Every structure is written in C-alpha cells, then in structure tokens.
Amino acid sequence: MAKSDRRITIKRYGERRLYNPGAGRYATLDELGAMVEDEEEFVVYDAATGDDITQSVLKQIIVERACHG
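Just so we're aligned: the sequence shown equals residues 3 to 71 in my numbering.
Everything labelled a hint here was simulated from the structure, so no lab data went into it.
Fair warning: this is a prediction, and the values are worked out from it, not measured in the lab.
In this text, a Cβ means the ideal position worked out from N, Cα and C, and glycines have one as well.
It cannot be assumed that every hint is accurate.
What the hints assert, rightly or not - If you anchor each label on the Cβ, the simulated ranges turn out as follows: (1) R8 / A68: 14 to 22 Å; (2) R9 / L31: 16 to 24 Å; (3) H70 / R19: 18 to 26 Å; (4) E39 / R8: 14 to 22 Å; (5) E41 / G16: 15 to 23 Å.
Produce the entire structure from the sequences given, and follow the hints as far as they go.
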C-alpha cells in the first residue's frame with residue numbers, strides 16, 4: 003500500500019525537465035525511480051499539452067535503470 007493517499011503531480015517541461023511543484027524543485031528520473039520503489043504514487047503531465055505522460059516516463063525509468071544497472 004502506498005505511503006501517502008495523495009498522488010504527487012509532476013510536470014514535464016521542454017528538454018525533458020521534470021518539475022515537482024509540491025517540492026518547488028526539479029526532479030530527476032532517479033528520484034522518480036526511488037518514488038516507485040517507495041510505492042509513492044505520482045502522475046506526470048506534459049506542461050505544454052496537459053497530457054498524462056506517466057506511462058511514458060515509467061518506461062523511461064525502466065530503460066535508464068536497465069542501461070545503468
């Protein structure tokens with residue numbers, strides 16, 4: 003079960019920059035990967051279009067971890 007009942011909203015801006023408005027700072031794929039491991043729920047939106055791109059970012063995390071161990 004997730005540690006928090008509230009999902010964290012992440013916004014992706016140009017050049018694949020991920021911003022966590024709740025924390026007031028940019029996030030990395032490694033940080034999002036750690037959130038997955040900690041069972042924290044989050045959703046990622048494209049800041050320009052508003053599209054939910056969470057699945058795409060999760061795939062990117064998997065690929066990065068597979069390449070870098």
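For each hint, the structure was consulted:
Checked against the hint of 14 to 22 Å, the C-beta distance between R8 and A68 comes to roughly 30 Å, which is inconsistent with it. Take R9 and L31: their Cβ atoms lie about 18 Å apart, and the range 16 to 24 Å holds. Checked against the given bound of 18 to 26 Å, the beta carbons of H70 and R19, roughly 19 Å apart, stay inside it. Taken as a hint, the range 14 to 22 Å holds for the pair E39 and R8, whose Cβ atoms sit roughly 18 Å apart.
The given range of 15 to 23 Å is broken by E41 and G16, whose C-beta atoms sit roughly 30 Å from each other.
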